[in-house]
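Asker: These protein sequence lines map, in sequence, to chains A, B and C. For what it's worth, my numbering labels the leading residue of the first sequence as 1, then goes sequentially. For what it's worth, my numbering labels the leading residue of the second sequence as 1001, then goes sequentially. For what it's worth, my numbering labels the leading residue of the third sequence as 2001, then goes sequentially.
Just so you know, these hints were derived from the structure itself, not from any lab. A few of these clues could be false.
Some residues of chain A that are not near chain C, with every Cβ distance over 10 Å (derived) [said to hold, decoys possible]:
# : residue
1 : Gly99
2 : Ser127
3 : Asn205
Computed beta-carbon distance windows for the label pairs [stated by the list, open to error]:
# : chain 1 : residue 1 : chain 2 : residue 2 : range
4 : B       : Gln1318   : A       : Gln16     : 40 to 50 Å
5 : A       : Gln16     : B       : Ala1325   : 26 to 36 Å
6 : A       : Leu12     : B       : Glu1421   : 27 to 37 Å
In this text the structure is predicted, and so the values were computed from the model without any measurement. The C-beta atom is built at its ideal place from N, Cα and C for all residues, glycine as well.
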Amino acid sequence: MRVNPSMVPDILADMQQSQAALNVALQQVATGKSVNVPSDNPAASANMVANTIETGQVDQYTQNVTTTLSSVQTADSALGSVVSSLTQAVSLGTEGANGTNNSSDLQALAQQVQGILTSVVADANTSYQGSYLFAGTASTTVPYTADSSSASGYTYNGNNDTNSVAVGDHLSVQVSLPGSQIFSNSSADVLGSLSSLVSALQSGNTSDISSATNAISNALNYVSQQRVTYGNAESQLNSQETYLQQETVSLTSQATSLTGADEAQAATALSQAETDNSAVMAAAAKVLPDTLLSYLAIPS
Amino acid sequence: MGGLNTSLLIGMQALEATQGALNATSNNIANANTTGYTREVVQLSENPMTDSGNEITGGGVSMDGLQSIRDELLNLQIQKQTSLQSSVDTQSSSLQQIQSYFTSNGEDIASELTAFSSSLTQLSATPSNAAAQQSVLVSGQNLARSFNTTAQGLMSSQSEADGQVTQTVAQINSLTKQIAQLNGEVSQLTASGQNGGTIEDQRDALVQQLSSLTGISVTQSDGGETITTANGSALVMGSQSFSLQTTTGSDGMKHVLDSNGNDITSSIQGGQLGGAIQIRDQVVPGLLSQLNTLASQFATAFNAAQAQGYDSNGKAGQDFFTVPAGTAGSAAGISVAISDPSLIAASSDGSAGSNGNVANLSAALTTALPSGQTPAATYSSMVFQVGTDASNASTQSTAIAQNLLQLTNQQSSASGVSIDEETTNLIRFQTAYEAAARIVSTIQQLSTVTLDMGSTQSY
Amino acid sequence: MIAIGVQERNGKLEEHLQLLRSLAQELERAMLAISRNSLSELEDSVANQQALSARLVELADDVSAQLQDRTAASPSLIDKHFMEQIRSAFSTLQALNQRYSALLQHSSRSVELLVALFNSFRGQFQEGSGPRLKHQTWSCQI
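In isolation and in its complexed conformation, chain A is listed as follows (with noise of 0.2 Å):
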């Protein structure tokens, strides 16, 4: 077998080239994209899988961040009410201790001090979006309710366990403390002071009002001192958030050098390859027989 030695390999070889580059500068431009299949650069394609899921992740985990501090700030907020309303009962029990009451006074001090109790046991029964906040982990349970047997007239019946949430890779945050801690803890007992003090200012007996307004005021010093690791939470979630928006534009920048096509050069190379390819088809339509030029629907 000999070869007939004509051109028509090497033109069909030029046109299969050249239309194949159209096709490529014509996908570039349309999706933007310099890499649309592995082949098109294998390292590239495999580097994406990780800053696809990465760029995922750092999504969900400024969501996250948007998400807890606002439940950190609403827990925070509503111990902010609690000092409040204790700061108000150990003003009315110094009232109450100052002997210038009669009994009718002295009753109303406590129907007092009995609605700031209730408000207080309303805070740490505080819910956002459907969790209790002072529950510990066991959020979908009410942290106290009410107990005739218990001395503060109030049971707890959430758990002394903490959620930590994820806010980054190597990074969680604890976003609450449990209501056992902040209000019902031994050694600064929120509703038992407040409870003790009611039955104090009922019976008249002063030094008892004045030993459970001291106990109030060392319950508001240590509930002061609960809210900050709020505080620290809601700094850290901050920072976090800061960090989160720079690794966004650094995923975003690494996808783009990764993949992307430069949207000037993607425009010249397809305006290139239209220009190449009209003049190897002309070439071709000089050369090449009619029959095959019919063929290939060359304009000849």
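Since the structure of chain A is already known, use the hints to place chains B and C on it.
Answerer: Chains B and C alone, transformed into the frame defined by chain A:
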């Protein structure tokens, strides 16, 4: 007497030495998953001289004779490259399809791994939230499905290649019959003193076609033409043809048998047949195996993490994924075992609001599996492998096409006036190629400071 | 390390980009020459490639040194668009180089065979035409 063969033999040995040196300068292509390319070695066998009027007498050869040998040599090169071209094109075609299963399209494994990871991270913030739990369940199902789809895709590519085997063998048998027939006619014509040139040309065209179906070895002797497969199984001997057969093996695939019934499947190289077999028996099984291992190990790791915690009902976490017992079929068979989102074991202390076990669930995705890499890194490696294979096949395809063009052009250009001139030109080509090979090496080693492909984020 | 101005560095990067593109063009030209079996075209192209790649190597080292020099402008001031173009041109060049390498391997083989063939007949040349050698008694298993 052994002048021609001996000197050709010496020439071949010199060739092999140079070839080795050339190979060293560009190693990437050598790793390409193309059939038989790197295994093919140029050999020259000495045939006993026969006692015919066409025997080459020792010492002298005419220019015409040299031209004839040169053409024959180029012919054989074209044949060999045609086989290689077909094989590479067949594989390239399959690989384009195969890589589509690994291309990011929103429902591929990478996309679903992303969604699944994110859903777990969301659960960390709101462990008792029904929507967050549902999200984990659904994305888990989508992830399982992406494994199923990818495995099914691979199996369909394999099945397609299997079909090609059957088809190609039939085509081969048809051609060998025709070739044998023509050989017979040529013999008769020659015996009766007539010119069998036209028929020979016809036959040569068929042999060329045959070479695109499978790698062949062609030997001319006065007894006629002998064609075997690259590994030596008889296809044509003079006017007799030998059919290949196919039979379904225990692996469910079509095996190729020679005319004696020997299974020659794994030794077939070149041509569409070689390419299809390479895809069917090497490329796809390799990928499926990796995919199955990934699915199996990942499911096991995640289920173990489930077992470390408690679901919303306070019960110990049960299996989230179901996979077959062994590794085989894991990718095609992986599914989500639960349908109730509350069974997701987010809790570490038994209470419904605890997220303590979510960290363990997430860790199943960020911790190295027994095979050595995280799920994402394992999958990334597969993407890289598939992309590289597809890219190499495409590169080879174009390169071989250009080489074939060159061979064709070489054949149609008249041989030089003198051997010296011809040799000088050839040496100039050699020199140019050697210089070019050094350029190739320089470019490969060229690093640009701007080439920051981004460090692989430790996922 | 010597502090070099931003302008000078950008000038070098511009040259870098041009070199990458020119070299890519030369590789295409060389491959075309090979397929057409055009020896002088190939030699011409290879000569150009040698010059271009030599300059590239020189430049790459130079640019690398500059970017690591902290007294020069920081890398972030380098135009992002520009960086993308260089990265892209480099990628294109590497891809072409792969094909170039493959083609060279294939083509070299054939030339080696022919060289060996002709070498074996040096000094054995005989004038005049000989018998038709269609039916050889040698075989070449490739």
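Asker: Is the nearest Cβ of chain C still more than 10 Å from the Cβ of Ser127 (chain A)?
Answerer: holds (47 Å)
Asker: Beyond 10 Å from chain C, beta-carbon-wise, is Asn205 (chain A)?
Answerer: holds (73 Å)
Asker: With respect to the beta-carbon atoms only, verify the hint that Gln1318 (chain B) and Gln16 (chain A) lie 40 to 50 Å apart.
Answerer: violated (57 Å)
Asker: Hey, does Gly99 (chain A) actually stay past 10 Å from chain C on C-beta?
Answerer: holds (74 Å)
Asker: Quick check on a hinted range of 26 to 36 Å for Gln16 (chain A) and Ala1325 (chain B), using CB atoms only.
Answerer: violated (50 Å)
Asker: Can the suggested window of 27 to 37 Å be confirmed for the beta-carbon pair Leu12 (chain A) and Glu1421 (chain B)?
Answerer: holds (31 Å)
When held up to the earlier numbered hints, the structure conflicts with 4, 5 and fits the remainder.
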